[in-house]
Amino acid sequence: MTFAVEINGRSRTISIERATADRYRVIVDGHVQLIDAKRVGSFGLSLLFAGADRSSREVQVAPAGPPGEMLVGIDGKSVTVVLNGRRTGRGAAEGSAHARGEQTVVAPMPGRVVRLLVTGGDEVIARQPIVVVEAMKMENELRSPKAGRVKEIVVKAGESVEAGRVLAVIE
Amino acid sequence: MTFAVEINGRSRTISIERATADRYRVIVDGHVQLIDAKRVGSFGLSLLFAGADRSSREVQVAPAGPPGEMLVGIDGKSVTVVLNGRRTGRGAAEGSAHARGEQTVVAPMPGRVVRLLVTGGDEVIARQPIVVVEAMKMENELRSPKAGRVKEIVVKAGESVEAGRVLAVIE
Amino acid sequence: MKILIANRGEIAVRIIRACREMGLRTVAVYSDCDRTARHVREADQAVHIGPSEAAQSYLRIDAIVEAAQTTGADAIHPGYGFLAENAAFARACQDAHLIFIGPSADAIALMGSKTAAREVAVRAGVAVVPGTEKPLDEDVGDDEIARIATSVGFPLLVKAVAGGGGKGMRTVADAAALASAVRTARSEARSAFGDAAIYLERRLVRPRHIEIQLLGDHHGTVVPFVERECSIQRRHQKVVEESPSIAVSSELRRRIAAAAAAVARAVNYSNAGTIEFLVDESGSFYFLEMNTRLQVEHPVTEMVTRMDLVQWQIRIARGEPLDIDPADALSANGHAIECRIYAEDPDLGFMPSPGLIRGLRPASGPGVRDDGGVSVGYSVPVFYDSMIAKLVTWGGSRRQAIDRMSRALREYQVLGIKTTIPFFLWLMQQPEYMAGQYDTTYLDRLLVDRKGDSFNELTASDEEVASIATALDAYLRASVHAGTPGAESTTHWKRAARLEALRG
Amino acid sequence: MKILIANRGEIAVRIIRACREMGLRTVAVYSDCDRTARHVREADQAVHIGPSEAAQSYLRIDAIVEAAQTTGADAIHPGYGFLAENAAFARACQDAHLIFIGPSADAIALMGSKTAAREVAVRAGVAVVPGTEKPLDEDVGDDEIARIATSVGFPLLVKAVAGGGGKGMRTVADAAALASAVRTARSEARSAFGDAAIYLERRLVRPRHIEIQLLGDHHGTVVPFVERECSIQRRHQKVVEESPSIAVSSELRRRIAAAAAAVARAVNYSNAGTIEFLVDESGSFYFLEMNTRLQVEHPVTEMVTRMDLVQWQIRIARGEPLDIDPADALSANGHAIECRIYAEDPDLGFMPSPGLIRGLRPASGPGVRDDGGVSVGYSVPVFYDSMIAKLVTWGGSRRQAIDRMSRALREYQVLGIKTTIPFFLWLMQQPEYMAGQYDTTYLDRLLVDRKGDSFNELTASDEEVASIATALDAYLRASVHAGTPGAESTTHWKRAARLEALRG
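Chains as they are written, first to last, in our numbering: chain V, 54 to 224; chain F, 54 to 224; chain C, 407 to 910; chain A, 407 to 910.
Read the hints as simulated data drawn from the structure, not as lab findings.
Hints may contain errors.
Selected chain V positions facing chain A (Cβ under 8 Å, derived; list incomplete) [said to hold, decoys possible]: (1) Lys91; (2) Val93; (3) Ser99; (4) Asp106; (5) Arg107; (6) Glu111; (7) Asn137.
Please read these numbers as outputs of a predicted model, since none were measured by experiment.
From the three backbone atoms N, C-alpha and C, an ideal C-beta is built for every residue, glycine too.
Pulled out of the complex, with its shape left as it was, chain V reads as follows (with noise of 0.2 Å):
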């Protein structure tokens, strides 16, 4: 079975097939290698790369956001993994650096439109302040996932916005 990953905006191409029981031959990118893999708990993965180092990680893949997006926990560190190349203006803001093409900038949550920092036609560079959004009592800036020019301004100063709502399309 093959997959398409992308993480940070790189994907890589994974294919796997069953060699054992709890054996899996893992080819990424055309190389190949042979990983014991368990389950642990809900959401963790148990790795156990069979090769000469037999080093051992353990990986937390959760559902996060919308279908086909995963908050990968691996060290203490957390990333939004896209699967199958399933995205959305969430996936997209995070893919952030890399994001091509046109982009919105979404509302992560509930709350209010405090400013407006761009006005249609303007050109912006990556992650510069787009919308000012006010929620759990902090104001928060909304960056552009990307360089380009702004589209369109879909909101208004004042207004109240949903989770999900799409603010501004780049691009």
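Model the placement of chains F, C and A on the given structure of chain V, informed by the hints.
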């Protein structure tokens, strides 16, 4: 919906109907109360007694052993609860003090029979040691679930036994 | 004695633990979204006090006092935030014959006004940061504010009179930026505290934020504790606290502690409180403000003095005399560090990241203390501060405390939401932090320098491991669907899954 | 430096934590049933060493040494139990040029023989309990043993020479019971240690078990620590340990510590070790045995001295000199208590209760330390000691430590298996325990007096709450099946269930 719930040999008849979204009308042996109940995690239940006292209780209800049997945790204690009368040797061993009729002594885990402490026909008292099974490097005395007479001993010394294996029958 | 806790989250759980250990009964209060919150489940009783918005629940004095009366509580612990520094609440408790576990309403009112508090400090002979003596209400115009600003001197801070926790606070470099800063500060202050009054204060260059914990009893005894170092701040909000501060000599410690105690005695202060100072490079210190309540960061003091401040709050409220040896309170055993773990995404400018907690495994083991407020299956709400836990480590040396913190952060698992753990892992490795060479501006400067780089950047090999794990996870799910003759593990998990499916 | 941990469970996790904090890499070894054990997942590398039976895995010197060599480990930490006191293992490490983190093979061999150890103590001028000087092998007949027994005096203990942890130990009240006791002791000893040799020892009346932790470096320094009180034993197995002991005056402490240090110096002891004594009502103490390894109960010493014994073991093995102030090591700050949480059913005579752990939420918060070795989804195997965690609490006073322990035990959730938590909750409330009035026979007597009453007896109202919860649980499951228009909670959990079902 009505349930028969048995703890430590004492049985209660409990009927439940939903009053509002998370409130339930619970009738225990004829006594009615209104309870606000919510699941917490996989096995937890948070109960708020809507009555004057407003007491809050968290109870953990996890399946354990044979079907119909639950291991219920409350304030650090842990009791085996039998639902709708489905019970087994182990359940019986638990209900001990109150056990009735023919009961069995069952191996709770794999091990080796070291010694038989009684023989068929012996009169025994409740919790009297019947068989010694070695497991986890320790010799463990398996006790009689009730006072009565040893109907038969099903195993021999030296024999290896699986978990759940009946070792003796007390009548 | 039965105590109602007028709060939520980790501090409510912390207070319940103290009560349990003292054999006292507890009453929790909760809003709609907190029905399954941990503090509700761990209290002996729980009373619903309103909708999720704080203004309609945790800030409702009437509902909380009524809850205390219906449940027969004898006392109320306000925790921190919400009504903890609300004099009207303290008075309402008095009027209802409920013991308020904190200072007198008068002390709260007096020290709650930043400007009045400054006057108290000055009278007590403690230096204050140059600034306006009187609050500037909304009707004070830009021109007059500009005039006052020049007398205070730039750079300066615009602060909300009713403010706290960095809310309604702005830094102003020169006269040009003044007017707009005042506007935003006022608007934030109005929405957060319902009071747009502000004041101006000179901003010291590279100061450290040092604070002194105090306990005062009802018999005139005031005991100051070894200092806490709280200079690691993001936008004026503390994110890491330590005790002791490597910048404070034992001689300076004595002087700051004496100054703090003098201010507290000047207002006959009782119960727990904290006096915040700014300390500049020369070691001169200036009174900043007094927090008339328990602090979020009280555990670092508990770790180095081994005293239980919350239990002391309760004992003091019961009228017991403080029998602490002041020398013990003022000397630190080893070093403690606290990281405030927030449900925020550090890679999106620390944007709140509320949502369902799918998995939780706090760190533990030697030298680690976890004060948590959430649990699996609970959904972090959007309505309140998003702190989910305080992770505290102790070490014989500051270095050991840091190494332990790194170990504990790596061990800490929170699944389903983003947290600030990756940020702390990074911070613990910064040379200036490890050397203790920082001031209140350090973290903001450091974050600017990173130009928004991700805190979750993985090495190529870790990225590959994460990718493989995700693919394996999908593969195992797929093979269950297809009913592939599963390996032991697979079937085992099928069983677990079926079992889950059985449970409503 | 890279360290292989030749152990499993909580102690392997404890050692990995110490290594992480010191920046050292770790290698775990595991048997078939431990593939998903916590120590395997938390180590940097893991090597499979054989089937589940300890004799074919954790006791296989060859396989473990080979694992160290293939992974390039520099040192091996044996933990406790398994090969920790096996001189051949220490030698095998030497021969393979691996640092053995523990004493010399000679010291292990010498002190490992109970009878030889007694001779060392006597030569060091330390009193020993009257008993046989030489091991009694299988060929020694009943008549001769009876003759020796009379000279030792009754009541006496029959002990396995290779024994430990109460295995192969029997109490004998009079000559009549001697022969059978010797038989069972020999059979247990043979199966547990492969050596049926035994010895006899006078049994003191109501003695306390007091032990002294020691550290020795490779530069001739030996430092004894404040005592541990381990008199709470069930069938000669420790279940609760404390430090300090309320039965030990500072003067007695100095004398016992000096005696312990004398014995250790007599064998040029290095690294961590513990000398066990029996102390009778008059305060006279007798050498019992020396454990040439880290003890299960080392955390109580760490809590009152705030030193990290495991990190010291590693530093000593690296050749670093002990720079501990002996006065600090010998003085206790506050009081610490440890409860060994076992997967046992206290209501079935503490029968092991292995199985799948479905839920786990250890206690935390102020003054609590949890050293755990398991996690959710792991199945406690039948092959090894069934301890799943050590819960340790610290208090400024013994009373506070007890109150904290009760709070923490109530907070501790282990789902799916029976544990000894209910037993500890009960013990913490026993008047004699709370008063500290107990000896090594106390617990067994107490248990006999209970005549097997359940430790999980609930009050009528708690029983009703538990019944209601079970019924509600069934009701909610049923209404999901029936697809009842579910409440938010129900549908929420349906979603969670479906999600679970999706995961292989």
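field: V:Lys91 as chain A interface residue, shortest Cβ-Cβ below 8 Å
entry: Check passed: Cβ of V:Lys91 comes within 5 Å of chain A, closer than 8 Å.
- prompt: Is the interface hint for V:Ser99 satisfied, with its Cβ closer than 8 Å to some Cβ of chain A?
  reply: holds, 5 Å
message: Does V:Asp106 hold up as a contact with chain A if the rule is Cβ-Cβ below 8 Å?
response: holds, 7 Å
- prompt: Under the criterion of a CB-CB separation shorter than 8 Å, is V:Val93 in contact with chain A as hinted?
  reply: Holds: closest Cβ of chain A sits about 5 Å from V:Val93, inside 8 Å.
field: Evaluation of the interface hint that places V:Asn137 against chain A, nearest CB under 8 Å
entry: The hint is violated - V:Asn137 has no Cβ within 8 Å of chain A, the shortest such distance being about 15 Å.
Proposed interface contact between V:Arg107 and chain A, which counts if any beta carbon pair is under 8 Å: At 5 Å from the nearest chain A Cβ, V:Arg107 passes the 8 Å test, so the hint holds.
task: Mind checking the CB of V:Glu111 against every CB in chain A and telling me if the closest is under 8 Å?
output: With Cβ-Cβ at 4 Å, under 8 Å, it holds.
Of the numbered hints given earlier, the model fails hint 7 alone.
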